[in-house]
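Colleague: Spelled out from the first residue to the last, the chains are:
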Amino acid sequence: MQRAWVKRMSNLLLHPGLVLIIGGMLMSLCAPRLRTGLQLGLPLLALFLVWQIPDGVAHQLSFMDQLLTPIRSDALSRLFATIFALMAAVGGLYALNQPSRLEIAAAYGYAGSAIGVCFAGDLLTLFVFWELMAIGSSLVLWSSGTTASGRAAQRYILIHILGGVLLFAGIAGHVQSGAGLEFSAMRADNLSNLLILAGMLVNAGAPPFSAWLPDAYPEASWSGTVFLSAFTTKTAVYTLIRGFPGNEILIWIGLFMVFYGIVYALLENDMRRILAYSIVNQVGFMVAGIGIGTEMALNGAAAHAFTHIIYKALLLMSAGAVLMQTARSKCSELGGLFHSMPLTTVCACIGALASSSFPLTSGFVSKSMVTQAAADGHLLWVWLLMTAASAGVFLHAGIQFPWFVFFQKDSGLRPAEPALSMRLAMLILSALCIVIGVWPELLYRLLPFEVNYAPYTAGHVIAQLQLLLFSGLAFFVLLGYLKRTPTITLDTDWFWRRALPGTASWLAQWRITIIGLCSPLERWVSRFSNVVSAAIGVRGPLSGTWSLATMGLAVVILLIVQLVVVMS
Amino acid sequence: MTKPHWLDRPANHRKLWIGFIIVLVVTVLAEFVWPIHGHFEIESLAGFNALYGFVACAAMVAFAKLLGLWLKRADTFYTSEDSESLASGAAISASGEAHGEAHGDAESVGKAHE
Numbered sequence: 001m002q003r004a005w006v007k008r009m010s011n012l013l014l015h016p017g018l019v020l021i022i023g024g025m026l027m028s029l030c031a032p033r034l035r036t037g038l039q040l041g042l043p044l045l046a047l048f049l050v051w052q053i054p055d056g057v058a059h060q061l062s063f064m065d066q067l068l069t070p071i072r073s074d075a076l077s078r079l080f081a082t083i084f085a086l087m088a089a090v091g092g093l094y095a096l097n098q099p100s101r102l103e104i105a106a107a108y109g110y111a112g113s114a115i116g117v118c119f120a121g122d123l124l125t126l127f128v129f130w131e132l133m134a135i136g137s138s139l140v141l142w143s144s145g146t147t148a149s150g151r152a153a154q155r156y157i158l159i160h161i162l163g164g165v166l167l168f169a170g171i172a173g174h175v176q177s178g179a180g181l182e183f184s185a186m187r188a189d190n191l192s193n194l195l196i197l198a199g200m201l202v203n204a205g206a207p208p209f210s211a212w213l214p215d216a217y218p219e220a221s222w223s224g225t226v227f228l229s230a231f232t233t234k235t236a237v238y239t240l241i242r243g244f245p246g247n248e249i250l251i252w253i254g255l256f257m258v259f260y261g262i263v264y265a266l267l268e269n270d271m272r273r274i275l276a277y278s279i280v281n282q283v284g285f286m287v288a289g290i291g292i293g294t295e296m297a298l299n300g301a302a303a304h305a306f307t308h309i310i311y312k313a314l315l316l317m318s319a320g321a322v323l324m325q326t327a328r329s330k331c332s333e334l335g336g337l338f339h340s341m342p343l344t345t346v347c348a349c350i351g352a353l354a355s356s357s358f359p360l361t362s363g364f365v366s367k368s369m370v371t372q373a374a375a376d377g378h379l380l381w382v383w384l385l386m387t388a389a390s391a392g393v394f395l396h397a398g399i400q401f402p403w404f405v406f407f408q409k410d411s412g413l414r415p416a417e418p419a420l421s422m423r424l425a426m427l428i429l430s431a432l433c434i435v436i437g438v439w440p441e442l443l444y445r446l447l448p449f450e451v452n453y454a455p456y457t458a459g460h461v462i463a464q465l466q467l468l469l470f471s472g473l474a475f476f477v478l479l480g481y482l483k484r485t486p487t488i489t490l491d492t493d494w495f496w497r498r499a500l501p502g503t504a505s506w507l508a509q510w511r512i513t514i515i516g517l518c519s520p521l522e523r524w525v526s527r528f529s530n531v532v533s534a535a536i537g538v539r540g541p542l543s544g545t546w547s548l549a550t551m552g553l554a555v556v557i558l559l560i561v562q563l564v565v566v567m568s
Numbered sequence: 001m002t003k004p005h006w007l008d009r010p011a012n013h014r015k016l017w018i019g020f021i022i023v024l025v026v027t028v029l030a031e032f033v034w035p036i037h038g039h040f041e042i043e044s045l046a047g048f049n050a051l052y053g054f055v056a057c058a059a060m061v062a063f064a065k066l067l068g069l070w071l072k073r074a075d076t077f078y079t080s081e082d083s084e085s086l087a088s089g090a091a092i093s094a095s096g097e098a099h100g101e102a103h104g105d106a107e108s109v110g111k112a113h114e
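Protein sequence lines, in the order shown, are assigned to chains A and B. The numbering of the first sequence is the working numbering, which starts it at 1 and goes up by one. The numbering of the second sequence is the working numbering, which starts it at 1 and goes up by one.
Note that these hints are calculated values from the structure, not bench results. Where is the CB? At the ideal position from N, CA and C, for every residue including glycine. The reader is advised that the hints may include incorrect statements.
Some chain A residues flagged as far from chain B (calculated, every beta-carbon gap over 10 Å) [to be verified]:
# : residue
1 : Leu-49
2 : Leu-96
3 : Ala-388
No more than 27 Å apart at the CA atoms, straight line, and that leaves these computed lysine-lysine pairs for BS3-like [unchecked claim]:
#  : chain 1 : residue 1 : chain 2 : residue 2
4  : A       : Lys-409   : A       : Lys-483
5  : A       : Lys-483   : B       : Lys-15
6  : A       : Lys-483   : A       : Lys-330
7  : B       : Lys-65    : A       : Lys-483
8  : B       : Lys-65    : A       : Lys-409
9  : A       : Lys-330   : A       : Lys-409
10 : B       : Lys-65    : A       : Lys-330
11 : A       : Lys-330   : B       : Lys-72
12 : A       : Lys-409   : B       : Lys-3
13 : B       : Lys-15    : A       : Lys-409
14 : B       : Lys-72    : A       : Lys-409
15 : A       : Lys-483   : B       : Lys-72
16 : B       : Lys-15    : B       : Lys-3
Take a look, some chain A residues computed to stay more than 10 Å from chain B by CB distance [as the list claims (entries may be wrong)]:
#  : residue
17 : Pro-54
18 : Leu-181
19 : Leu-420
20 : Ile-462
Let's have the full structure, built from the sequences with the hints guiding it.
Modeller: Structural data, given as structure tokens:
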């Protein structure tokens, strides 16, 4: 009996996510040298532990009459947990010179929670890690320390709380309907499942809340954005693959995201915001693949999430290096940086090519599985739109980002290459982009289903080269129309940043009239609010410091009341 | 003064363009040696991917420009409002009365940017 308990506890303690979360917290208290060691070692330990978890249910416990499964593993869980741990490791290396202790601790907590989501076998565990991710990522954003990042973190957490509430309401309904807590494939055909889907889609950056992503990510520090780009949207992709494969609505949501990302990125001036829109664009491909729902499509979505995390982090690392060395992030103020930052330029170009699915890069072997799945399903329109979007990716990320930052007109800036740790991190990710592109079977072996797909056929390579190179031609022919302007483009966040506060202040102006009309009600409301604020206000009895005995008494009374209510 | 980088010399831009166009032509001609066996009929049209890529990109740029006419704002659009409402936030805690005025200011700043 006792031995079983010890085994269970050690299982839980060796949970790779918890190791990263708790280790990250302790790390921030350590002396500098030890902290550096932990910063590099903890994610590698987590990566090792990910691969120690056997397939199937590793751990279960009972909680409030429900069976919880904190650790359950299979190929899909392992794939996502692997890339999350790997990303934390390379991100930790990149952020070695980040002076903020909070940012790294929060980033590791965030990454650990993302790994926790991957191994969650039930919806409640999933929800807990889901919310921990929201806290971790908000802290990463907030730790940047600027006024803008503080404001962005406020908006970010509000949207994610909304997503969390939707998710939890859905889970509650799901359990209420007798479907149990197990996290398995669902159909979006009843209210509770729709709420769960909506909660997941908020994190994926789907409309109408997609604006949270380009609003928040570019406000983080040079290293913070690298962490932010990796986990939230991709855990959402993971949960959608497991929870809602083959729900057709996802095809259309995904395609909307794909084009939304391209169009907004084409108009954007801030280099990190261009890349943020590009994240929505790429996640759109994954979501559409999940909507198609065949084994090929789900493999494609999972593989694309894996490669996307690598090349997007690489792109954001190069942007972070530019930001750190020049203190600028607007394309209209950058240009010609290849002169003094050749290594960063080459790494950014490799990331850009991988993101455009250029042959011999990782994006080519992953995204083509999704488009192939659309073709296999005879979905002509989906295939045509995805192909057009693939061309658009080269346009907005593949050429636009490196061109405006590192080439175009010479801004006269001659920043030095970034620190060694940052260069190493970029080199590792560049190498991964190429290695996966050249030897795709390394990635295919990790996918949830068996892969019967050969990306490198002469026809496929030629078709892709035509598509991309002629998009490149379009870019340079239309360059005059793509000139960067110091502008932003209004997005749905306008509704919660301007329209709602505007309406509130408009209502406040009319308040005087309204009070005149219903002064008795106003009196009652104010009397009630006086009573409440007297009780829980700053000097109210409920806000004071209570002795332990009083607290104990209050809890006992509450329990008795609850007992009476339950018994009756 | 050091010699300009070879990418900065205008004469080389011409050479780069010529090289690029040769590559473009080669990718289209390659299709006749290694035919593209696509799933859909439309894929077997000669140069389909080349034309489709170009036209799709041109269409997306045109759409983005149109959308930009409607939705583009100065990049200070939110920042000035944010700093104003921060100031009004401080005013709220100082005295409730100041709120209306501060917010009115924020709005007029926002309008000025529009």
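Colleague: A:Pro-54 clear of chain B by more than 10 Å, beta carbon to beta carbon?
Modeller: Non-interface label stands for A:Pro-54: nearest chain B Cβ at 39 Å, farther than 10 Å.
Colleague: Has the given pair, B:Lys-65 with A:Lys-483, been kept, meaning a C-alpha gap of at most 27 Å?
Modeller: This hinted pair holds, its Cα atoms lying about 11 Å apart.
Colleague: Taking the closest pair, is the beta carbon of A:Leu-49 still more than 10 Å from chain B?
Modeller: holds (42 Å)
Colleague: For a C-alpha distance cap of 27 Å, please report whether B:Lys-65 and A:Lys-409 respect it.
Modeller: This hinted pair holds, its Cα atoms lying about 22 Å apart.
Colleague: Hey, does A:Leu-420 actually stay past 10 Å from chain B on C-beta?
Modeller: Per Cβ check, A:Leu-420 is outside 10 Å of chain B; nearest 25 Å; holds.
Colleague: Sort out whether B:Lys-72 lies within 27 Å of A:Lys-330, counting only the CA atoms.
Modeller: Holds. A:Lys-330 to B:Lys-72 sits at ~16 Å (cutoff 27 Å).
Colleague: Is A:Lys-483 close enough to A:Lys-330, meaning Cα to Cα at most 27 Å?
Modeller: holds (12 Å)
Colleague: Against chain B, does A:Leu-96 hold up as non-interface, every C-beta pair farther apart than 10 Å?
Modeller: Given a closest Cβ separation of 31 Å, the condition holds.
Colleague: Would the pair A:Lys-409 and B:Lys-3 pass a check requiring their Cα atoms to be no farther apart than 27 Å?
Modeller: Roughly 17 Å separates the two Cα atoms, so the pair holds.
Colleague: A:Lys-330 and A:Lys-409 were given as a pair; does the straight-line alpha-carbon distance stay at or below 27 Å?
Modeller: holds (14 Å)
Colleague: The output says A:Ile-462 does not contact chain B. Does that hold with a beta carbon cutoff of 10 Å?
Modeller: Its Cβ does come within 10 Å of chain B, the nearest being 5 Å, so this is violated.
Colleague: Are B:Lys-15 and A:Lys-409 close enough, with their CA atoms no more than 27 Å apart?
Modeller: Distance ~18 Å between B:Lys-15 and A:Lys-409 Cα, so the pair holds.
The structure is inconsistent with the numbered hints 3 and 20, although it conforms to all the rest.
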